[in-house]
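Take these sequences, add in the hints, and give me the full structure.
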Amino acid sequence: MKPTLFLSMGLALVSSGPLLAGENVDLTTLAPTAQVADGTPRQCHDTIARLVDAMRRHDHLAINEALTRCVTQDKGAGAVGPLVCLLDDSDEVIRWEAAKLLGELGSTAESALSAVAERLNDSDALVRWAACDTLSKIGTENGKVVAIFVDSLAHTDSRVRRQSARALANMGIDASSAVPALSRQLGDEDVLVRRESVRALGLVGGDSTAIVPVLVTALGDEDSFVRSTAVGALRRVAVRAGADLVELTQVSGMMSSIVRATTADDPITSDGAL
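Per mature numbering (1 follows the signal peptide of the UniProt record, and there is no 0): the sequence shown = residues -21 to -1, 1 to 253.
Among the hints, erroneous ones may be present.
Result set (EDC-like, lysine to aspartate or glutamate): computed pairs, CA atoms no more than 20 Å apart in a straight line [as the list claims (entries may be wrong)]: (1) K79 x D136; (2) K79 x D103; (3) K79 x D101; (4) K116 x D130; (5) K116 x E97; (6) K54 x D25; (7) K116 x D101.
Bear in mind the hints are in silico, worked out from the structure with no lab data behind them.
Encoded structure:
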């Protein structure tokens, strides 16, 4: 008996093994919870079946076409369940495709947050990186994603750490709770992780009295780009603190003294001087 994927209400019920290219996917039990604007529920089923089949064949043109149809029909909601199921596939390429496509669905795939987060520990690096990127796209308004990225800052994969810091930076003040974790990353062995963490500290907000000393320390980093990023981050912190004249003066004074002390032997401060 050929393995078949059975789905109901967009969630996996049974998977007897990976599907092979060209095999049919039984989606007759998939019942979207609402009628779609540009197609009947049956059309949704057919489109999702085509999407899964295209993924099995690694046909990227067909994948893009089917995903576009899914989004047109019901904003892609019907595809979330099948794609979540495929995150557990034995084929790493399928897992990678599923993680990427969930990101293409944006906030429509927010219910897949936990399943995608599990892929951060996938055995395949490309799947891990795709999962990290997708989390930043589907969970931007969910406080849970901040905690996920904070945990990921301690990941063994440096690229996951880097992407997590970048995602927190892009979330801005919604990620202010990540300041302690980002501060710890200034000791990361990967220079790009340190750079992204410094940049994030200048964007996520929070208590400037806790952030400034960390960024001042970063001005002494061995990497010139980390140092220049720290200058820019400190300037942003100073601008945010503008409502408090005393605090602004303290921040600006601390920056000026450090920058003056390093200007003599480090040209990177010349374009970042206050």
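Verification of the supplied hints:
The straight-line distance between the Cα atoms of K79 and D136 is roughly 18 Å, inside the 20 Å bound, and the hint therefore holds. This hinted pair checks out: K79 and D103 have alpha carbons roughly 14 Å apart, not beyond 20 Å. Annotation: proposed proximity of K79 to D101 holds, straight-line Cα distance about 14 Å (limit 20 Å). Taking the CA atoms of K116 and D130, the gap is about 18 Å. The hint holds against a cut of 20 Å.
Taking the CA atoms of K116 and E97, the gap is about 16 Å. The hint holds against a cut of 20 Å. Of the supplied pair hints, the one linking K54 and D25 holds, its CA atoms being roughly 15 Å apart against a limit of 20 Å. Our distance criterion of 20 Å between C-alpha atoms is met by K116 and D101, whose separation comes to about 19 Å.
In this structure, every one of the numbered hints holds.
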